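So you can see what is in the structure, the chains are spelled out below.
2 protein chains.
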Amino acid sequence: MAEEVKLFRTWSSPYALRIVWALKLKGIEFETIFEDITNKSPLLLQHNPAHAKVPVLLHNGKPVCESLIILEYIDETWTHNPPLLPQDPLEKASSRFWAHFGDHKLMESIWNVFTSQGKEQEEAMATSIENLKLIDEQLKGKKFFNGNAIGYLDLALGWMANLISILEEIISVELIHTDKFPHLSSWIQNFSDDPVIIECWPPRDKMVTKFQIMRDNYLTRSICQVKPA
Amino acid sequence: MAEEVKLFRTWSSPYALRIVWALKLKGIEFETIFEDITNKSPLLLQHNPAHAKVPVLLHNGKPVCESLIILEYIDETWTHNPPLLPQDPLEKASSRFWAHFGDHKLMESIWNVFTSQGKEQEEAMATSIENLKLIDEQLKGKKFFNGNAIGYLDLALGWMANLISILEEIISVELIHTDKFPHLSSWIQNFSDDPVIIECWPPRDKMVTKFQIMRDNYLTRSICQVKPA
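So the protein lines, in turn, are chains U and F. Following full-length UniProt numbering, the numbering of the first sequence begins with 1 at its first residue and continues without gaps. Following full-length UniProt numbering, the numbering of the second sequence begins with 1 at its first residue and continues without gaps.
These are computed hints drawn from the structure, not numbers from a lab. Owing to the predicted nature of the structure, the values given are computational and were not obtained by experimental measurement. Among the clues, some could well be false.
[Said to hold, decoys possible] Below, simulated BS3-like cross-link-like pairs (lysine-lysine); rule was C-alpha separation at most 27 angstroms, straight line:
(1) U:180 x U:105
(2) U:62 x F:143
(3) F:53 x F:210
(4) U:62 x F:105
(5) U:133 x F:53
(6) U:92 x F:24
Based on the provided sequences and hints, a complete structural model is requested.
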């Protein structure tokens with residue numbers, strides 16, 4: 001039986017992009033179904049009733065949800081090269097730990113910088129810098145997180161290589177100075193140089209417009225909370 | 001070399017309890033280091049600088065953090081019986097998905113019931129019930145989540161078997177009706193009947209006192225926000 005691989009994604013989701021990259025790196029043919037998150041399809045709701053979110057990978061009719069879980073599924077299902085996760089349990093635990101850290105502490109702190117201003121933004125900057133330092137340390141002496149090839153943790157943290165510079169552009173703040181984060185800066189370059197990675201980035205101008213609107217909405221809401229009409 | 005296995009935990013953490021159970025089920029000898037979360041030890045901060053949280057598993061001097069990641073590490077390191085995760089990639093992805101769902105959507109919705117009152121509590125109850133229904137469906141026709149033996153997802157959701165009834169007692173609300181959640185109710189019974197599980201529960205009276213204080217603090221803070229002094 002021919003394999004059926006379908007990916008439900010949106011054009012902009014950094015979580016879904018992880019799966020696009022992983023499938024392309026593994027050389028898996030797949031069909032893409034673009035979702036509109038303001039008008040989700042009945043199929044998406046059927047395949048991910050608990051969250052109704054992208055990405056969803058549909059493999060021979062069976063859904064797999066949550067991007068980090070899908071990455072592991074891809075690596076365990078199509079075991080040929082390149083491997084995504086390291087084999088050693090300790091290195092594997094470390095990759096999972098930093099992926100989790102990226103999705104929670106790091107993303108939250110950077111998001112707080114992006115959706116605030118003044119003193120609140122300064123505090124969020126300090127937290128983001130602490131978090132980025134921890135990531136920078138993981139990359140000392142390495143091209144990618146697990147050596148010389150792109151793997152699970154590179155894909156999990158891949159959003160940093162594109163999204164941070166978009167957010168920086170919108171708020172005119174520099175988060176990742178090359179001097180402050182030399183290893184992270186080199187990694188961003190190495191990661192972005194890979195043709196599989198670069199061909200999948202969403203259009204930058206559309207991303208800037210989308211995130212500019214999001215920031216404006218956040219700031220309007222936050223002003224309304226302080227000074228109700 | 002004799003293996004050195006140390007577990008940093010607190011007496012009450014449901015996350016740390018997952019690791020105690022897993023090590024005991026696998027028959028791994030370990031030393032417990034009890035932490036006071038109001039006065040964390042320098043060792044805990046050294047081993048988990050990113051979060052400074054328990055549990056931390058120290059295996060031959062190497063730290064592994066985050067309870068769900070530690071469970072996978074234990075299963076990959078001590079591969080003898082009982083296995084914790086299923087072998088099939090799809091079943092494994094499903095276990096990871098529901099563990100993640102438990103730690104985020106389910107726990108948050110139940111916590112919102114516990115730390116609110118009135119209309120807000122009613123809304124949180126409705127969300128919790130929807131989430132619990134999804135868990136109940138996973139248990140149809142099964143003794144445990146992956147068949148006849150306790151595994152990863154049982155340990156990940158093990159807090160439900162004890163903590164929910166403690167929260168219910170404090171707020172005098174019944175979340176898990178046997179009629180409404182027949183499979184979940186049976187699972188709670190099956191899980192709690194296991195001697196390894198039951199011997200590790202923290203003392204119920206201390207838990208009630210601890211969580212009663214937490215709820216009081218939440219409600220006081222929430223009243224202060226509405227009516228500042």
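_Next pair to validate is residue 53 of chain F with residue 210 of chain F; report whether the Cα-Cα distance is within 27 angstroms._
holds (18 angstroms)
*Take the C-alpha atoms of residue 180 of chain U and residue 105 of chain U, compute the straight-line distance between them, and say whether it is at most 27 angstroms.*
holds (19 angstroms)
*Verify the proposed pairing of residue 62 of chain U with residue 143 of chain F, using a straight-line Cα cut of 27 angstroms.*
holds (24 angstroms)
*Does residue 62 of chain U pair with residue 105 of chain F here, judged by a C-alpha cut-off of 27 angstroms?*
holds (22 angstroms)
*Does the alpha-carbon distance linking residue 92 of chain U and residue 24 of chain F stay inside the 27 angstroms limit?*
holds (23 angstroms)
*For the pair supplied as a hint, residue 133 of chain U and residue 53 of chain F, is the alpha-carbon distance within the 27 angstroms limit?*
holds (19 angstroms)
The structure agrees with every numbered hint stated previously.
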